[in-house]
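4 protein chains.
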Amino acid sequence: MNMDKPQEECGVFGIYSAAQCDVVKETFLALHALQHRGQESCGIAVSDDGVFRVQKDHGLVSQVFGQRALDALGRGMIALGHVRYAPGDELERANDQPLVIRYAKGSLAVAMNGALVNAYDIKNELQTGGAIFQTNSNAEVVSYVIARERLKTGSIEDAVQNAMDHLQGAYSMVIMSPHKLIAARDPHGFRPLCMGTVEGCPVFASESCAIESIGGEFIRDIRPGEVVVCDENGVRSFTKHCGGKSAFCLFEYIYFARPDSVIEQTSVHFARRRAGELLAGENPVAADMVCGVPDSGLDAALGYAAASGIPYGVALIKNKYVGRTFIQDTQLHREASVQVKLNVLKAAVAGKRIVLVDDSIVRGTTCRYIVGLLRKAGAKEIHLRVTAPPFRFPCFFGTDIRSKEHLIACRMSREEMTASVGADSIGFLSLENARRIAGNGVGLCDACFTGQYPIPVPEKLPTSKYEQKIIQLEVAPRNN
Amino acid sequence: MNMDKPQEECGVFGIYSAAQCDVVKETFLALHALQHRGQESCGIAVSDDGVFRVQKDHGLVSQVFGQRALDALGRGMIALGHVRYAPGDELERANDQPLVIRYAKGSLAVAMNGALVNAYDIKNELQTGGAIFQTNSNAEVVSYVIARERLKTGSIEDAVQNAMDHLQGAYSMVIMSPHKLIAARDPHGFRPLCMGTVEGCPVFASESCAIESIGGEFIRDIRPGEVVVCDENGVRSFTKHCGGKSAFCLFEYIYFARPDSVIEQTSVHFARRRAGELLAGENPVAADMVCGVPDSGLDAALGYAAASGIPYGVALIKNKYVGRTFIQDTQLHREASVQVKLNVLKAAVAGKRIVLVDDSIVRGTTCRYIVGLLRKAGAKEIHLRVTAPPFRFPCFFGTDIRSKEHLIACRMSREEMTASVGADSIGFLSLENARRIAGNGVGLCDACFTGQYPIPVPEKLPTSKYEQKIIQLEVAPRNN
Amino acid sequence: MNMDKPQEECGVFGIYSAAQCDVVKETFLALHALQHRGQESCGIAVSDDGVFRVQKDHGLVSQVFGQRALDALGRGMIALGHVRYAPGDELERANDQPLVIRYAKGSLAVAMNGALVNAYDIKNELQTGGAIFQTNSNAEVVSYVIARERLKTGSIEDAVQNAMDHLQGAYSMVIMSPHKLIAARDPHGFRPLCMGTVEGCPVFASESCAIESIGGEFIRDIRPGEVVVCDENGVRSFTKHCGGKSAFCLFEYIYFARPDSVIEQTSVHFARRRAGELLAGENPVAADMVCGVPDSGLDAALGYAAASGIPYGVALIKNKYVGRTFIQDTQLHREASVQVKLNVLKAAVAGKRIVLVDDSIVRGTTCRYIVGLLRKAGAKEIHLRVTAPPFRFPCFFGTDIRSKEHLIACRMSREEMTASVGADSIGFLSLENARRIAGNGVGLCDACFTGQYPIPVPEKLPTSKYEQKIIQLEVAPRNN
Amino acid sequence: MNMDKPQEECGVFGIYSAAQCDVVKETFLALHALQHRGQESCGIAVSDDGVFRVQKDHGLVSQVFGQRALDALGRGMIALGHVRYAPGDELERANDQPLVIRYAKGSLAVAMNGALVNAYDIKNELQTGGAIFQTNSNAEVVSYVIARERLKTGSIEDAVQNAMDHLQGAYSMVIMSPHKLIAARDPHGFRPLCMGTVEGCPVFASESCAIESIGGEFIRDIRPGEVVVCDENGVRSFTKHCGGKSAFCLFEYIYFARPDSVIEQTSVHFARRRAGELLAGENPVAADMVCGVPDSGLDAALGYAAASGIPYGVALIKNKYVGRTFIQDTQLHREASVQVKLNVLKAAVAGKRIVLVDDSIVRGTTCRYIVGLLRKAGAKEIHLRVTAPPFRFPCFFGTDIRSKEHLIACRMSREEMTASVGADSIGFLSLENARRIAGNGVGLCDACFTGQYPIPVPEKLPTSKYEQKIIQLEVAPRNN
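Chains as they are written, first to last, in the working numbering: chain W, 1 to 480; chain C, 1 to 480; chain G, 1 to 480; chain U, 1 to 480.
Think of the hints as simulated: they come from the structure by calculation, not from any bench. We put the beta carbon where it would ideally sit given N, CA and C, even for glycine. Hints are supplied without guarantee of correctness; some may be wrong.
[To be verified] Capping the alpha-carbon separation at 30 Å, the derived lysine-lysine pairs in DSS-like fashion look like this:
# : chain 1 : residue 1 : chain 2 : residue 2
1 : U       : 318       : W       : 5
2 : C       : 25        : C       : 152
3 : U       : 320       : W       : 318
4 : W       : 318       : U       : 25
5 : W       : 320       : U       : 320
6 : C       : 5         : C       : 346
7 : C       : 380       : C       : 404
8 : G       : 346       : C       : 320
9 : C       : 25        : G       : 318
[As the list claims (entries may be wrong)] Far from chain U by the CB rule (all over 10 Å, computed), these chain W residues:
#  : residue
10 : 33
11 : 36
12 : 130
13 : 180
14 : 233
15 : 237
16 : 244
17 : 281
18 : 392
19 : 411
20 : 422
21 : 459
Construct all of the structure, not just a fragment, from the sequences and the given hints.
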């Protein structure tokens with residue numbers, strides 16, 4: 001259903017208003033623009049002069065936030081928003097964010113994107129001291145650590161910075177105390193996080209597209225390791241954890257981010273076009289038409305076409321009414337999603353030599369299906385071109401590339417893959433060129449391609465059932 | 001809508017099976033029979049060989065647990081169930097039970113009925129040590145305390161007993177560890193809790209009616225202060241906290257419990273008939289007919305009629321299709337609920353002197369409405385008889401009798417009350433006689449009538465908005 | 001689930017206002033009070049100065065009419081309401097009423113209770129003339145006939161009267177033209193229909209309880225064959241079809257009607273008490289307690305107790321949270337409904353000789369179940385007393401007593417029945433006495449007991465699948 | 001929300017199987033591929049050996065047809081499907097299709113796309129003969145006429161052909177009798193209708209994309225005036241009404257149809273590219289980039305770029321999670337839909353001269369909004385190019401181009417329009433060239449551009465409230 005793509009696991013948003021903005025409405029709108037970063041659940045928390053209200057549930061933003069939910073959230077001065085992708089085995093509702101807690105110094109809400117590599121170590125240490133956990137979410141670990149640090153220091157912003165001494169891994173987060181909004185990004189800057197203004201109010205978002213979509217102005221990326229605080233005294237930046245070597249996720253440029261976002265001064269759309277251009281240089285082929293797998297391969301296909309001189313064309317039509325429908329999640333609906341999602345434009349394809357551009361291959365299943373459709377429609381040759389190197393290693397930083405077992409590139413040689421998907425040839429973008437599409441001078445994480453992790457990672461992801469004992473079932477609407 | 005009655009705040013159920021029972025199904029059925037103890041939300045947690053699954057949500061048992069939810073819970077060895085009444089200001093979904101946590105020694109689920117009087121003190125102490133809280137529920141406090149005690153001792157049953165050294169107030173609870181089911185009742189036994197068997201499996205329930213409704217055998221009440229443990233070695237009782245003076249809620253006999261329950265060897269139905277008989281002795285009046293306010297006044301009306309010799313009759317017909325409808329909670333539906341809930345049987349009432357028996361008066365609004373209906377139907381005299389003394393003091397032990405402001409008996413003399421509700425006379429059951437209806441030798445809590453609290457209580461219930469900062473909004477179904 | 005009772009198939013309501021009333025709200029409230037006459041679907045139609053709006057759907061009144069639906073209906077001058085019971089094989093949504101049609105003279109809405117015995121003949125005749133049908137509902141046949149007659153005559157009230165020349169069978173109906181409200185009752189008056197006023201506006205309802213429940217004044221029954229018209233000129237009665245021998249359904253007194261209704265000057269509640277008294281005279285037995293099967297047997301049990309001198313008591317407690325839940329209609333929920341619906345009050349029953357009063361036995365299944373519960377609880381003897389003669393014949397006049405196959409009295413002798421349900425004895429009310437409970441001088445239909453149909457009936461009800469070809473499926477909410 | 005586009009009003013599908021196909025499943029899948037032709041409601045009717053079952057409701061195909069609905073439809077030999085667009089004032093549920101009726105010769109189901117111009121005349125004639133109508137749908141008129149004709153002739157296929165003597169206007173329909181499937185297209189062929197096979201079974205669909213999407217083979221268009229019958233004897237074509245001058249809707253090529261459909265041997269995608277090419281020839285301009293308004297302007301933009309030599313680029317990113325959400329239809333959600341639907345790719349636009357290609361302008365509101373977004377993002381010049389002539393006349397053949405009032409081209413000169421939308425220039429495709437994009441030799445209807453209606457049309461569409469008296473309200477799900 002999800003077209004065999006890796007999944008980003010979250011998007012975050014935060015807004016601080018000295019009364020002029022409807023912070024709940026702006027957050028609601030912004031989450032629509034971040035929906036591509038997570039479709040399983042979403043939430044909004046608001047601080048109304050220190051009284052926190054939160055609404056979160058499984059479903060798309062447009063489903064979870066009806067008029068009643070928005071009315072109940074009411075007005076406030078600060079709001080956080082979160083969209084979440086949940087892998088199949090982690091649908092627990094308890095993990096929905098923002099997480100709202102109360103501790104000795106008051107209330108706190110946390111919305112984060114990323115994954116800690118030392119979450120289990122921290123949890124064990126806290127539990128040994130008597131802590132209890134109600135979720136499987138890293139946000140709970142982060143909340144605990146911040147709450148503890150806050151007891152030892154005089155301000156929430158200091159507590160966040162001190163907490164960062166303990167947290168290892170990827171985290172781009174927005175934090176709300178009763179009267180402050182804080183954004184923090186891990187020292188490697190694995191996941192994106194940026195700031196801007198909406199009607200004069202400071203906002204933070206996972207991607208610039210969210211700020212611009214709601215009519216705001218994008219200002220800049222939050223720096224790796226930076227902590228930015230908004231309160232009645234204005235906006236202040238803390239850079240204690242800045243200065244290290246950054247390791248921004250290369251795959252954000254290739255697939256995760258929205259094309260209309262700008263990351264490290266680089267337009268994602270143009271990064272993808274460039275990937276297509278570089279790919280054409282590396283993997284040329286004689287063909288009649290270049291086409292992309294909709295929607296994510298289209299930008300790169302334009303680049304490939306421009307660089308190769310082969311005409312750009314449309315070969316596959318995507319049914320825009322088929323998608324992840326939260327409400328009807330039966331076997332038949334899943335089948336329907338796949339079966340009627342794509343249709344071939346026969347007249348464009350018959351008798352042609354096709355360059356088919358896609359951004360990645362995980363298991364290869366969707367590729368095989370699409371190549372089959374094109375063959376049936378009469379394509380003479382099909383040359384698959386991929387704007388990323390093959391995935392060979394799991395990601396520990398907040399995506400669902402979990403295990404080598406499912407990665408076609410771990411199981412097959414290039415020739416076997418070509419045969420397996422039924423293409424005439426396959427070409428991947430080299431790592432060297434893939435790294436060129438990112439913003440100039442940005443340190444990158446390419447561990448999923450190389451296995452070179454920027455920081456030490458656990459030997460393996462925990463898998464025994466006893467390590468995942470609490471399952472808070474997905475909430476069923478009335479019709480469960 | 002709720003007919004101006006005090007509300008019990010919870011009902012609990014637990015079952016331990018060595019495989020022969022479908023523990024989820026039995027819990028689901030039993031919760032139907034406990035629904036009168038809480039209609040706002042409900043939940044079931046199951047331990048499947050140590051893997052916990054839980055489903056909870058706002059709504060009636062029949063709404064929350066559809067086929068999909070029950071299927072998702074699956075099979076297991078132990079299950080807990082909970083129904084919850086939530087006062088208007090505490091609809092937070094996070095407070096739904098059973099609460100499931102993970103701590104240093106594994107997982108734990110807690111379902112409780114009652115209220116701690118020292119919850120705020122314990123919370124403060126824990127928070128000072130770095131604890132964070134995600135709910136407003138006492139179950140979270142209890143879980144924390146048990147988890148901490150478990151670190152210092154060798155078994156969960158010991159931890160529960162040690163935790164009880166710290167907990168003050170009313171609590172009847174069922175606790176599930178990966179392989180054990182534990183029932184514990186506070187040393188005063190404020191709230192009911194009993195045990196029995198269903199198809200040979202030990203079960204615990206707030207009331208015996210739940211055990212019998214699902215075809216089980218009721219065995220006995222859990223003793224005040226008793227802890228009962230079920231595991232592969234069988235059922236064991238621990239009585240370290242037993243032996244003190246009990247303080248069972250007198251109002252359970254008068255109103256909260258279901259008439260088909262037996263508490264301390266006394267049938268609730270017959271206790272209510274007896275209340276009616278005693279009331280007739282204390283508050284005689286010349287009349288043509290005795291009738292009860294449906295449904296809760298009917299048993300006592302039979303007793304009043306029998307003792308007074310005045311014929312029993314039916315004066316009010318209750319519309320059984322009107323009730324608390326979770327789904328349509330609009331102003332118009334609330335109005336409809338009140339307006340078409342009761343109708344007078346004119347032919348029975350016209351020209352008659354009526355004894356109208358009810359179990360309690362809180363604000364007096366429903367009484368006034370009913371007396372008005374009877375007058376309009378031609379009743380000549382209306383003598384209100386109440387099978388309880390007047391409420392004068394708030395309850396700190398798990399009901400919603402919160403504040404003196406709303407209690408008619410705190411604001412008016414007997415004469416003023418009579419005039420206010422429009423009756424010709426009002427008679428209350430004396431405290432002395434009210435205490436006679438309970439099981440022989442049972443220590444009783446009658447603090448709501450007398451202000452004599454069995455244990456020290458806080459000066460007042462916390463009310464400032466900053467003390468209730470986290471509001472986890474009621475989950476809205478798809479239509480929010 | 002429905003306790004093995006026959007089912008009435010409909011309830012109707014209509015209101016005409018010269019602007020002072022909120023006709024939609026009053027209809028909405030009144031339908032709550034008629035809900036016992038049909039729980040499968042309901043509908044309201046309103047005429048807003050000749051513009052008709054209608055909302056109808058499967059579900060209880062409180063489910064179908066949320067705020068949005070009521071708002072959409074808006075304000076108007078005339079409104080009709082309908083509740084419908086649908087036998088299992090006729091859940092088609094198309095059959096929901098009121099039926100709204102447009103014809104040569106404008107618009108028309110019809111809501112009816114009853115069943116025509118010549119519907120198939122009329123349909124055939126109309127179809128031969130080119131008519132098409134979109135439902136299986138008699139309301140469509142009636143609409144057609146009225147529309148045709150309206151073409152031949154000068155007013156809708158004349159058309160209704162002329163239409164009645166063609167209609168044979170049971171029909172109590174309310175009809176709305178753009179500016180008139182009309183009530184019509186078949187010449188035998190099989191089903192009840194009465195009139196009253198609400199805030200000065202004329203209203204019609206199946207039962208007087210609906211008028212009184214919404215604060216109105218009940219005036220009188222509509223006479224068999226009478227047509228009453230409300231328009232700007234006031235209220236007028238037409239009696240062209242009056243004067244024949246009436247045949248009011250005896251079972252309305254025994255079971256269908258609500259106890260607080262008055263039919264033909266007779267209170268239904270007191271009719272049932274009288275049935276109990278007469279039953280005690282006819283079927284005496286030595287016993288310790290008389291109890292009723294809740295809820296419908298309770299009135300008669302009071303009468304039996306009074307006449308026999310045996311004390312009245314409570315033996316069975318009904319779970320008021322279990323019922324027909326439209327939303328969760330799975331096998332498990334049906335089982336749950338049955339299993340936890342009734343519980344025995346052991347303390348009241350053990351060692352006692354019980355007279356168990358019920359109003360009817362259809363298949364005997366519920367009786368058998370209840371007798372078993374009482375036996376298990378220790379009852380020494382159980383004497384079943386029924387306030388009606390045995391059902392032996394199908395009903396053609398708007399109830400679901402369809403086929404002899406399911407009627408226990410058609411398959412067994414008295415002795416066999418006694419053994420089958422497990423009672424010590426069974427006693428039925430004689431027909432002679434059953435007829436005595438009705439209003440004085442009312443002609444009665446007792447065909448279900450005697451087979452003496454007041455009018456010729458079809459040889460059999462149509463059953464072949466080709467005669468019921470159109471199945472408009474039950475609308476599923478979003479979760480289908 | 002709908003981007004200011006005209007709306008097609010329906011899509012139809014039919015399948016006949018001699019048992020090998022799951023006709024309900026295939027129809028369900030095919031309707032997904034026709035969803036662009038109507039998103040308000042949908043329905044499926046199936047004939048199971050002559051027993052008709054039908055399910056229809058408001059909502060998208062994926063919402064209306066959950067597992068329960070599909071299960072309830074069951075298996076059958078023939079199925080019809082329908083998707084419907086409903087203008088704001090015609091949301092009546094009664095109008096949902098397929099319409100299923102019973103008449104003298106059995107049952108009949110009809111699903112149609114189009115609009116009759118003489119529907120009111122036929123209705124009046126039928127009503128004068130005693131007919132009643134329950135919907136505002138042309139399908140009811142068609143059903144009536146077919147039913148009447150069937151009484152005079154020996155077969156349903158003859159009846160359909162005879163009915164066509166009476167029907168004037170646009171109609172592409174599929175009809176199901178108990179054992180036959182019939183497709184019929186009006187003699188002018190206003191709306192598309194084609195045939196193919198799926199797993200060997202004959203199918204009919206509004207567009208070829210529906211057949212290919214479900215893995216079938218497209219065979220050919222149904223000819224204007226042709227009637228095709230499928231039954232146990234195979235597939236037969238009747239051409240009595242063929243041979244006249246066809247008048248296929250030109251706007252199907254420009255906007256309504258899916259790009260992967262083929263109509264009259266012409267690929268819709270390539271027709272649109274060609275429109276772009278012709279537009280570039282007619283309306284050249286010096287610019288830096290050609291971009292399309294997503295999604296419908298993209299094909300033409302490719303053509304414009306190719307013909308003009310100006311580079312094709314992406315300027316606007318569409319949020320694919322924003323759309324017509326049936327469930328949450330509040331003001332805020334509509335606002336959200338508009339506000340976050342499109343975002344500009346600043347990096348692509350800033351400082352550039354842009355050619356913005358769109359397929360049509362109705363009111364001009366969306367154009368103005370998009371031009372504003374581009375200006376704000378720094379576009380230097382914006383030249384709007386439209387692949388159709390301006391709309392100037394209402395459509396009477398099944399689209400929602402109803403009234404001149406809303407058409408910007410009826411209210412403004414070219415210069416005024418340019419100023420109004422804020423563009424630097426506007427260029428429309430000439431009628432001459434627009435007609436060139438269609439299939440060779442196809443007679444076209446271009447009345448919305450020219451006012452030259454192929455057949456006589458009513459003077460105006462009926463608008464008085466008394467002509468639209470019956471309003472069957474939109475069904476609200478449980479949450480109304």
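Verification of the supplied hints:
1. 318(U) - 5(W): holds (20 Å)
2. 25(C) - 152(C): Violated. Residue 25(C) to residue 152(C) sits at ~36 Å, over the 30 Å cutoff.
3. 320(U) - 318(W): holds (12 Å)
4. 318(W) - 25(U): This hinted pair holds, its Cα atoms lying about 20 Å apart.
5. 320(W) - 320(U): Cα-Cα ~8 Å, so holds.
6. 5(C) - 346(C): holds (25 Å)
7. 380(C) - 404(C): Violated, because 33 Å separates the two Cα atoms, which is more than 30 Å.
8. 346(G) - 320(C): Answer holds: residue 346(G) to residue 320(C) is near 25 Å, not above 30 Å.
9. 25(C) - 318(G): holds (20 Å)
10. 33: violated (5 Å)
11. 36: Check fails; 7 Å does not lie beyond 10 Å.
12. 130: Holds, since 43 Å exceeds 10 Å.
13. 180: Non-interface label stands for residue 180(W): nearest chain U Cβ at 27 Å, farther than 10 Å.
14. 233: Check passes; 31 Å lies beyond 10 Å.
15. 237: Non-interface label stands for residue 237(W): nearest chain U Cβ at 25 Å, farther than 10 Å.
16. 244: holds (29 Å)
17. 281: holds (19 Å)
18. 392: Consistent with the label, residue 392(W) stays out of reach of chain U, its closest Cβ about 30 Å off (over 10 Å).
19. 411: holds (29 Å)
20. 422: Holds: least Cβ distance 17 Å, greater than 10 Å.
21. 459: Correct as stated: the minimum Cβ-Cβ distance to chain U is 37 Å, above 10 Å.
When the structure is compared with the earlier hints, violations turn up for hints 2, 7, 10 and 11 and for no others.
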